[in-house]
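Engineer: Each chain, letter by letter, is given below.
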Amino acid sequence: MKQSSLLIGFLVIFLVAPFLSLAEQRATQKERIKIAILPCADVVKTFEQYQPLVNYLSAEIENEISLVVLKNVQELSSLLKQNKVQFVLHGPHSYIELARFYSQQSLVKSLTPEGEDTSSALIITRTDANILSLHDLKGKSMELGQTTSGLKWMAARLLLNQAGIDINRDLSFYSQGGCCTDIILDVYFKKFDAGVICQHGLSEIKDQEIDISQIKILAQTPPIHNIVFAANKSVSVDLIQKTIDALLALDKQNPLHKEILHKAECGGFARTTDDHYNSLRAKIKELGDY
Amino acid sequence: MPQFSLRIQLTLLISILIIAVVSVTGFLNLQREEKFLINEDHRRAFYIAEKLANDAKPHLIRYDRSSIYKVLHDIVENRHIPYAMILDVDGIVLMHNKAGEVDKKYTDQFSKTALATKETTMGSAFRGENGILIHDIIVPISAAGIRLGTLRMGHVHTEIKKVISAAKRQLLVIGCVSILFGIVLANVITYFVARPIKGLIDATHRIGRGDLNFEIVERGQNEIATLARSFNKMTADLKRTTVSQQYLDNIFNSSADSIRVISPDGIVTKVNRSFETLLGLYGPDVVGKGCSNFLKYPFCGQKNCFCKRIQQGEQFVRMESEAILSDGRRIIVNISASPLIENGEIVGVIESIQDITAQKKAEDKQQQLQAQFLQAQKMESVGRLAGGVAHDFNNILSVILGYTDLLILKNSYHEDTKLIEIINKSARKATILIRQLLALSRKQLLEVKVLNLNTLIDDMLKMLGRLIGEDIFLEFLPWVDLDNIRADPSQIEQIIMNLAVNARDAMPKGGKLSIETRNVDLSASAGENGKVDYPYTGSHVQLIVTDNGSGMTKDVLENIFEPFYTTKEKEKGTGLGLSTVYAIVQQHKGFIKVQSDEKKGTSFIIHFPVTREKENIQEGSEKDVMRYGEETILVVDDENDVTVMLEDLLSTFGYRVVAASSGEEALQLKQQFAGRIDLLITDITMPGINGWQLARQLRNIEEDLKVIYISGYIKDIKHVQEMLHPQNAFLQKPFAPNALMKQIGKLLGHQKLELKS
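As you go down the protein sequences, you meet chains A and B in turn.
Quick note on numbering: the first sequence equals residues 1 to 290 in the numbering used here.
Quick note on numbering: the second sequence equals residues 1 to 757 in the numbering used here.
Any given hint might turn out to be false.
[Unchecked claim] For each label pair, taking beta carbons as the anchor points, the in silico distance ranges come out as: (1) B:Ser142 x A:Asn63: 18 to 26 Å; (2) B:Met122 x A:Ser172: 44 to 52 Å; (3) B:Ser142 x A:Gln82: 24 to 32 Å; (4) B:Ala116 x A:Gly139: 52 to 60 Å; (5) B:Tyr63 x A:Asn55: 12 to 20 Å; (6) B:Gln170 x A:Gly139: 56 to 64 Å; (7) A:Gly139 x B:Tyr63: 38 to 46 Å.
Don't read these hints as lab results, they were simulated from the structure.
All values derive from a computational prediction rather than experimental measurement.
Think of the CB as a built atom: it goes at the ideal place given N, C-alpha and C, for glycine as much as any other residue.
Next up, chain B with everything else stripped away, as it sits in the complex:
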């Protein structure tokens, strides 16, 4: 059904009423008028008939038929009266307006009825020759109680019917005019009735839009004016007692949180400006759409969806979740949801969203930093412990290695040589262990060079093949034109070997070990899609070591770089391999990422900063040969065994050795010693005058004094690196005799001489 305005409804209603009233009234009036006219016609006909009878009566008494005929004939000339006759008591026509009917005897039913009628009456009606209905009026004619005869007079309503038809037409015209006038009048009335109502409706719309300052103009004292006053009062009350929709909208839109209202059937019905900003969409594009169209949560459509929880009766839901926006962005949000209640029923859910992605990142960064700090602290502790142990251990190992090497050199074919070599090998293992500990604490001195990883790995492939065994397929995927890096080759080798060993252990039944290098620009990829989060930017070289072994669990993955953490059997691992890798990488200003899937394998992705320096072309390595010399070497070490071992070693190679157990003693010896001191071999860390101070003071005496610093543990590597120059060298205890001899040779410029056996 169509919806009409009040004015049209009223107009229609009043028009219908007018039509109904005019029609019914007209019909009833017409009926009444018709009935009245017909009755009046009958009454007139009765009157005429009775008058006719009365006029005929004296003639009838006198039996004056000619006079009767005149009377009847005169009457019948009237066109309402088609016939008139007088019958005697036997039904014989005494007189008829048609003279030919006189003296006939009428025996028809009409005549019989007429003769039996005792008073003026309307007899039966019948159709005349032309189909017109004729009413038979009967008037008995009596005098002194004697029935003189009976008058029968026909009567038709022809004329009155014409009058009635004319009246109908007239009434129809009047009715139509009345209806038209009524409709116009109704329209005018409804206009005046509907206008103030329309004003009220407009007012409700304006007030509905929040215009509480709007006031309806009141006119008169009628009900509409009363309503308008009430409305104005209500608006004023509203203005006093409530806040405007605009005010609420302002609050709604001013919220920093993204807010939206969701209907019970999951349709977004309202969003605030922050929400539009969050989505990057205009509100009307979002309103009316499904709640997960533009913002999808992992729990959408599930039981734990906050919308369902609210609808199930929870008054407040607070949760943190990842959200996927319509443009593909993933954000972390804090969701607060509460029911929107109207008239005691939940009509929607108000969802307030806080984008905490940045906060989360900051927290992650914080946690990362915290972890790094803890790790650094841990490594510092480990380093301090290692450093403390390493100092003494290295002195001890220096003696052991020194003497065993010396014994091996002196007694190459002695039957105890194998035993000495076992001692020497064990001492070397101990040396590696100590170095790893030092590497963990990053307290070992790096011999940094510009190198290309492809070259280094390529050189290692044969050795790696032997290391991982034949069951594992080794694959090397070098990046063409790989950038150079600055690194200590021995440390990089250490990294690769440690990773290879781990990979081997992860593939006991064989598999594939892949070593790959790549150039990457972290500036281009970092933070682009939020998936990669590198601690450094810029060009890096990636070293990727991948196996398809057993992989690691999440718990294992979280602890693999912990010192002494191992999943291997007790004898197979020390728990220092990956932590050493981590420490070396850190010391090279690189970083490491690990991806591991259980039963699929593990990838270690190590990043090294690129250097634009050219690679140091390795000249052919000098042949490690022992050298003889005649120079005087001052050996200073507070560790007496080391001093003795160095005296023995250097003496073996022809050098004249002056030994001291401290810096002070060394200075005193120099003053007492008349000859020239060509080389100083001194421990750095000594009670009293340390190695640096000693060398400086001795150089004050002999300017071109060459110095080899030795130390089991260096607290300040940076200082060491600064102090080293062409006349200085450093050897980490324990060191092999040939390493010492090579350094001596470098510093003193001796010709290569074969060691005398």
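One chain only, chain A, in its complex shape:
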């Protein structure tokens, strides 16, 4: 009896062991975390801009994270629905549109290098364009940012709207360009009469061999919130906490963090709430984008 019991015991162990081993292996195999981003312009530039931050987070939360650069809000929405992305970095107007997918405890906003939580866009023309005010843009061509860009698309439209200019009605034509540098060059070379760039966009053109004095700032948009970092509701609280802690731990005084922040063109991250975006949400509604 004892012998049969022992035999059965060994048999059970023999049969169960592989399953136990597999279960253990599965337990130790951590899930790959994806951070989606909606680039305002160039995909590669966006990737290179945020990959250091992704690397930092991977190291901090001890989990492998991959950066997923998306095309548009629709793709992001789809991925959020399918829980294929855990975190999202995007502009405030995209957040407003997709806020229903995010955990409210996860909201973190980025700060400008100066520490501000809002930014403005600039409308530029050539000095010789005979455009002295926003009203003069009527009948002119203009290059705006991608719909994913809060500043170059949303903020610019808000400003133009305030000035009574409907881009579809009053402009001779408009286009959604790429990065700030491309838009400045298009204006400089008179491809467009005017263009919209980020607040710090002109500083990026310094390396170009053009006479920057030929460009003038026609107007500055009202400030809007910076990029919002949000977590999918499906993400565990623990992971969200670890991630937010890591983001908030970034200190621009820290040489290591400074490089990461510089790449990401921000001065750090700070907590925020959904209420913080209500005024913007109202303006967007005025534009009728929803």
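Place chain B on chain A using the hints.
Structural biologist: Okay, now just chain B, sitting in the frame of chain A:
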């Protein structure tokens, strides 16, 4: 190796240089161009690959494989790019231009190398399916330090190779055209370069031929023109300072001496005109031939040849030699030879030849004449001596012979007759001796007749046989139809006997004596080949007396005709035999040659002028008988013994003799003598009135007076011969009584009467 003109050489050189430069330059340029094009192709391929990677990068970031596929597919449509793919970090094909390759894992070496490559690079090359070499270009795709993937793009040089081939063809055509153009250009250039040089060469030829007036036309200021000026100046200097070749040739050819230049190896290199004349040949026929081909010396090839002596260092050689010309002529030449020196080395021998044959002949003739003159002087002296002696001797001998003959006649059976005969014989020998002496001096009167030597010799053969003895074979070879000669038979007999005696003495152990006669025409043979040199010309009769005895040495031969020269023992010879022969021959206007070889024998060849007169047929000789007479004979001689002897002799034969010792006495006797004088016998040479004068004066008295002149020595034989006529006769003292009586009989026409005993 063929020799090309300067122009061809220059053309070839420049053409080769052009070909070399064009070829090397073309090759290097082609290499450089090929390398450049390939590098450029690589650079373009790199650019395309990097552009492709950059274009694919955002799609790769977004993992947008369809977009990546479009990018790759669009590129691969380019035929230079056979494939393009993007591998992930594990080697899995994220995208490939061939969609079927997607998601495959590449573990080949190329892929491993590509995954390990950190920057854009050219990977290994490999052959594709169609054998085309494919270069694998690898571009790592990274962003933010993350290796997103790796692009591998194939690249072939097909098109660029076509371009390179086209470039090669183009370069080849350009090269060929350049070479052709270069050759033409080289030809033109060398023509302009070589033309003035050719002018210079032509000028050197003309100047070399002696045309020092030639001047080269100078054009421009280049080196050729400078050279031409220098050349003209040199020619002018040459003209001033040197004589022309023509001038030298004129001198060379104007020389009366025959001159030739002989190279050290014995080849004639130059001859002058005199030399051509000497040989009778044209210069070019002689030049280039061996020096002894046309002119041979006895010393040719020997140590003493002047050519060898000059080459051994002698500065001047002068010699006299016989030379044999190519046509067989033998000439005597004076040779002067000296070295021809160039740059301190003997490059030849200059031989100057003087033909002295005529001069030599003249000298020989002169010497001969001189010898003859000396001989004549010698003979004259001998003759004078003989004449002086002969006069007295003959008188003496006349007395001795007269009386002994008379005694013999009167006392034929007397016991002392033998003694008288010995005296008479000795006196006769003395008479012969005196006659020989007279013959030497040619002072004896010849009784010249037309005779034929064959007849005379034939008559002598018996006597000669006895004379030479039985040990010697006597051979007579008469010439048929031998011409006649004018000669004194007794003198000719004397010649033959003397020669026979000499021959006998030369053959003490026997031998052969040959006497031969011939007709010869000396005009036809004299001087024809230079071998025979006769003092006379015309038809002659040769008398050849040959023995095969001991012969004579050259020294003996030179002296055999000297009077009193003899090689015989003292008692056997007087030394007058051959000198008498010589004198007799001379007196007959003939000449004599002697050929003698030691131990082989001697030949005496005597020449007598031919006469066309007919031979005097000898009538039967009158019997030598003594005659009686009754006529009155006047005997005149200054030698008293002779007068007495003649008185006695004539009285013995019945004649009435009136004797006188001089012409004056004879004339006085005639006046006193009342009777008729029938015959005068008178000595010619007498003090006072001589025999001739006496006879003339007596004939004034008696017109038909017969005269017999007698003399022991006649100074003027010619005068004697002129004076003799049918009423005159001459008897050489001493004479035999019967000779006197015969002459008396002839003159007085007496009947033959026997001498009364």
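Engineer: Each hint: holds or not?
Structural biologist: Evaluated hints:
1. B:Ser142 x A:Asn63: 18 to 26 Å: Between B:Ser142 and A:Asn63, where Cβ atoms are some 23 Å apart, the hint holds.
2. B:Met122 x A:Ser172: 44 to 52 Å: With Cβ atoms ~50 Å apart, the hint holds.
3. B:Ser142 x A:Gln82: 24 to 32 Å: 29 Å, holds
4. B:Ala116 x A:Gly139: 52 to 60 Å: 58 Å, holds
5. B:Tyr63 x A:Asn55: 12 to 20 Å: At 18 Å between Cβs, range holds.
6. B:Gln170 x A:Gly139: 56 to 64 Å: 58 Å, holds
7. A:Gly139 x B:Tyr63: 38 to 46 Å: 43 Å, holds
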